[in-house]
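Fit chain B to the known structure of chain A by using the hints.
So the sequences go chain by chain: A and B. Here the working numbering is used: position 102 in the first sequence is 102, and no number is missing along the way. Here the working numbering is used: position 310 in the second sequence is 310, and no number is missing along the way.
These are computed hints drawn from the structure, not numbers from a lab. You can take every hint at face value.
Computed beta-carbon distance windows for the label pairs:
| id | chain 1 | residue 1 | chain 2 | residue 2 | range |
| --- | --- | --- | --- | --- | --- |
| 1 | A | Q38 | B | I327 | 39 to 47 Å |
| 2 | A | Y144 | B | L123 | 55 to 63 Å |
| 3 | A | I256 | B | T238 | 25 to 33 Å |
| 4 | B | F89 | A | I280 | 22 to 30 Å |
| 5 | A | K161 | B | I382 | 41 to 49 Å |
| 6 | A | I266 | B | L231 | 24 to 32 Å |
| 7 | B | P378 | A | A31 | 31 to 39 Å |
| 8 | A | P255 | B | W40 | 37 to 45 Å |
The list that follows gives simulated cross-link-like pairs (lysine-lysine, DSS-like), each with its CA atoms no further than 27 Å apart:
| id | chain 1 | residue 1 | chain 2 | residue 2 |
| --- | --- | --- | --- | --- |
| 9 | B | K202 | A | K291 |
| 10 | B | K182 | A | K288 |
| 11 | A | K98 | A | K179 |
| 12 | B | K26 | B | K181 |
| 13 | B | K23 | B | K265 |
| 14 | A | K116 | A | K83 |
| 15 | A | K291 | B | K182 |
| 16 | A | K288 | B | K202 |
| 17 | B | K265 | B | K9 |
| 18 | A | K229 | A | K161 |
| 19 | A | K291 | B | K181 |
| 20 | B | K95 | B | K344 |
| 21 | B | K181 | A | K288 |
| 22 | B | K265 | B | K418 |
| 23 | B | K9 | B | K182 |
| 24 | B | K9 | B | K418 |
| 25 | A | K153 | A | K240 |
| 26 | B | K181 | B | K202 |
Even for Gly, the Cβ is constructed at its ideal location relative to N, Cα and C.
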Amino acid sequence: MKRIKSGILFTFLILAGTLQAWAQDKAETTAPAVTVLQYNCISTSDDSIQLGAAISVKHEEGATNLANAPVVFYSVEPEGDVKIGESKTDVHGVALLKIPVRNTYARNEQQMLNLKAVYNGNDKFEASEAEFALKPAKLVVSFYEEDSMRYVKVTGTQYNKDGSESSIGAMDVIVSVPKLFSMLKIAQVTLDSTGVGTAEFPRDIIGDSLGNLTVVASIEENEIFGNVKGSANNTWGLPKHLISPDRPTRELWTPIAPLWMIITLIIMLAGVWGHYIYAILQLVMIGKSAKAVKPEEES
Amino acid sequence: MSEAVSSEKLLREFAPQIERTGKYGKLWIAFLCLVICYGWFALYWQVSRGHIVTGMRDNVVWGVYIVNFIFFMGISYAGALISGALHLFHAEWRKPIIRMAEFITIIALLIGPCFIMLCVGRLDRLPNLVLFGRIQSPITWDVIAISTDIFGCILFLYLALLRDLGKLRDFAELKVPAWRKKLYTFLALGYTGTQEQQLRLKRATDVMAAMVIAIAIIVYSVLAWIFSVTLQPGWHSTIFGPYFVIAAVYSGTGVLIVAMFFFRKVYHLEEHITLQHFVNVGVIMLVLGAFFGYFTFSEYLTKWYGSEKNDEQLIQVLLKNYFFLFILSNYVGVLVPLIVVGFKKLRTIRNITIAAGIVIVALWLNRYLIVVPTLETPYLPIQDARPAWQHYSATWVEWALTAAGCAMFCLLFTIGSKLIPIVQVSELKEEPVEAGDIYLK
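Next comes chain A alone, as it looks inside the complex:
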């Protein structure tokens, strides 16, 4: 008994000590957390520039996105920063703002816009900012067929300071289609000096159930133009195969199981539950025989 008593006490002490050791305490931070602002600008084919600022908070375990943080966008000009607009970060920590390509913001000698995004911080999070320079440009995607071959044509233009448009010049452009998690590159177009390039369009790209495809042409991280994107739709995709409800097939991945699987399951369950029923019947007969014996004894 003594041993049992001391055993119970020992176990309780171990449990209490372990719980104490595993109790999670929240560490209180007094200094504001370090934030990182990543600034990205994309010229889109609707004659606008999308400004995107992503803020993340650095901590021991890595970095997490900062939501609902106000970001102010500026144009950096010789006389001082001119405020473009303000936006708050979403749940993914990204603040977006669109400005028209034809704007009055000052440009530098290379005719590039100098843009800045600023997060002013607060008691909990440090301030951070980043700059991005680009010359507005546009990519126009079109399609044509020739000699039963399909082609994608990309035309690149740049917006000059005086508002005119001119050819973007020789450049490599990636042509891709959006898939479930990322973009699938389908071709690479080299623009000539007039800013025009073509490439053969592959015939084995799967679209939606009707064969619709969205094709995106993009220039990424160019020294002058930054990021440029243009897109267009066509019906050159292969229709996505759908399971016809009229003719269901029995596969591992279809709604109807393979026949051998169903038969095996039925045989096994029938065998097992058949034995259970036999055992239960024996119990019922035991009960009945007891009742039969009892009236005989009473008589």
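Then chain B, alone, in the frame of chain A:
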């Protein structure tokens, strides 16, 4: 001496165990209730705040709850296999311990699936498993199998209890509340031991003993297939079915030995549960340990030798981050029981019980090493994986619920031993079995 007289003598001996609970028994029950209450608090914490309070994240989606589920299901199958097999082999020495094996089966079967519920984030969608279940899914197989197994094991336990229930009903000297007398009367089904009743009971018990063995093997294989039919390195193995069955019975014999030790001490069953019983179950544990060691060696040897990239990565994680646990589980957990039971001089009740305790811990760790490190080395790289989420660490919530599950197991066992004698009173010979050598007679 006739069976009736010996059973009465045994009932008189075990009556105090059923009639009252001593001071220490009440303290023990109070302690278990305290741990269970702590578990309830942890459950409330988890339900109100979500699974973020656990260590499970996008990378490692299964943790301690699944390990506990596999562990408890494993020991339940062991109880079923041992009681069924010993019944079919007509091993006379089984009778003092068979009740414990049957209790282990039922109680573990009731506790194990609860851990699955803790792991499921949306319990309100649980009925979908039944309403929209797909026959092709191993999860559906598992639901069907476990439900069938629970029913079968309860039926088998009831058949085994029937004679004793009749004895308890008829034992006039038993001082228990009227509701318990009525319960015994109701459950005894009017069994009086007539020739016809004995024949029917024997037929039913023989059939269920065989079925329970088959069901236990099938059900635990299905549980293994949930892992092995995936392509995950570390899980995708053709020998997972038999490997899990062997590991399950191995861990179950450990739990049975520990249960024998404690009940022998607490209820003073030295006359009925002797060294020979510990040695006999220990031999079963030794044989299973040898098989377990063989399967484990075969599993890791083929992985290591094949040098397939993902397998290599997994083995590196095991040896680098989990080295101590790996050694404890696969070396200590195999060698210690082999040595203790294999050498006659080391074969004492205490040593065998300590070895059994090591087996229990080692097999729990074995399941942990199957689940967690494998998920930490995914087959396909996970997009935007946060570094903080790549390594799993259980939180206090998970440990509290684990402790509560173990406490509930002990509590149900204790309550069961208070309702029914922990040693079978019918057909039990009065004379104690003397300790012998390792060879079974």
